[in-house]
Amino acid sequence: MQISKKVEKMQPSGIRAFFDLVLGMEDVISLGVGEPDFVTPWPIREAGIYSLEEGFTSYTSNKGLYKLRLAISRHLKERYGLDYCPEEEILITVGVSEGLDLCLRAIVNPQDKILVPQPSYVSYGPVSELAGATPVYIDTQKDGFKLTPKNLEKNIDKNTKALILNYPANPSGVSYTKKELEELKKVILQHKILCISDEVYAELTYDFEHICFSSLSGAKNNTVYLNGFSKSYAMTGWRVGFACGPQEIIAAMTKIHQYTIMCVPITSQMAAAEALHSGKKSVEEMKREYKRRREFVLQELKVLGLECIRPDGAFYVFPRVSKTGMNGAEFAQRLLKREKVAVVPGSAFGGQFSDYIRISYASGYAELKEAFFRMGRFLKKI
Amino acid sequence: MDEILEILEKDARITPEEIARMLKKKPSEVKSAIKKYEKEGLIVKYKAVVNKELRKDSDLSVRALIEVNITPQKDVGFDKIAERIYSFPEVNSCYLISGTYDLLVIVEGKNIHAVSNFVAEKLACLENVRGTVTHILLKKYKEDGVVLKHKQEHKRIAISY
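Residue numbers (the numbering used here), protein chains in the order written: chain H, 1 to 382; chain C, 1 to 161.
Derived pair list, reagent style DSS-like, types lysine-lysine, alpha-carbon separation capped at 30 angstroms:
(1) Lys369(H) to Lys24(C)
(2) Lys369(H) to Lys35(C)
(3) Lys47(C) to Lys10(C)
(4) Lys80(C) to Lys39(C)
(5) Lys220(H) to Lys158(H)
(6) Lys25(C) to Lys146(H)
(7) Lys36(C) to Lys287(H)
Rather than coming from a laboratory, the hints here were simulated on the basis of the structure.
Work the whole structure out from these sequences, hints included.
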């Protein structure tokens, strides 16, 4: 069977072979995991179980349970002073992944370009291509992995449709202060492009208050705000996210969503509603724990002599390893073989990041300690 | 709550140096804070949480929860008589509580006879003890925030973005 040319053209992740190697090995300490090591807090799990007991097993409206949209709307009002109307401006999606896909498909026309600052989460480029757009990768290496207004402006042309901004970022952990966001906003508004703001790690911002992009004055009409429950409430497997944006974009996204997904599983939506209702305390506890791990990991990296930009949030660090004489892929492969510790080669997040590795600190303290002990032993022997 | 306490309550074996790294403090600062807590009695002691149900050789295999009704004494209230009770080595825990009785006493014994002997010969005949009701503990599910069941661990996939 002839496979779609568009799909055939998509490059499978260059480090697939490395992943297979990791998955085939036993007793690996993995610092390659992009999800929390916590289990979903019990009250949230209990709400899911209860909804099943009560017989909530049907479809919901395409946009998602009204009570969940309402809870999200209230949460955003309280947290950021945002006004998103639960009827018209909020859509419940299968994680942020679906939200991003829908948004791109809803806005892209042939010739459109989507700006993707890199290093970036792996899906931004391929999903843009699938939607028919041309991704334009912006290298942020020299600016400490942050997109600057200048760098943004330089990459905008008449075909630029949108920017995908992710903060706190995977894999670098960097985030933006209000001042920095304001400057980016100016460029975005001036050139009338859309900001697709993936803020899934928002709750895991450690040193300053996270600012929602659409809460910046005048930015709301040019922003599609994506978020979800996966990282903040340790709910990755439930697959619930949400998209908030201008009515016409949400309506267009809903059109696609209703034909392709219909609705997010009701059990997950019920659990998500409970997360907003009672989960705040757990979020705070998890955040404190991640913050401690961040300090620990940064100190360990310093001891190992690996340079690294201090992350503001999420649960990743993105150190450069070229000093060891290895590139990221070699480092990862040899570390795995010799010491059974898995990290992700930086090239997964953009070709020019082959000198980096991503380390996730979403692992228990004992595991982190052992992993860094082994990494130290590994580096001494080379 | 102080984060040092939060960390130690979860795992008392984490060293002051490690805590210092987590909190971006000096080891000496952490050490002196811990010393202060110990001195103040905020940190009482460090111990392992043992699931005694799995200890085949345990000679303390029976636990009983005893409701004790007492007559409070002038000036010292319940404290004096509570002290007389909790000083027995058989007593594992002792709480003053509200409700239909006064003290909840948790007693450990080799077997049911040991426990009943303690109740009959020591506890019940204390002056000021008006009555006792003994409940034998059948199974422990969770203790001090720790679930004792050994659960099958769910593993995350080793690599994900």
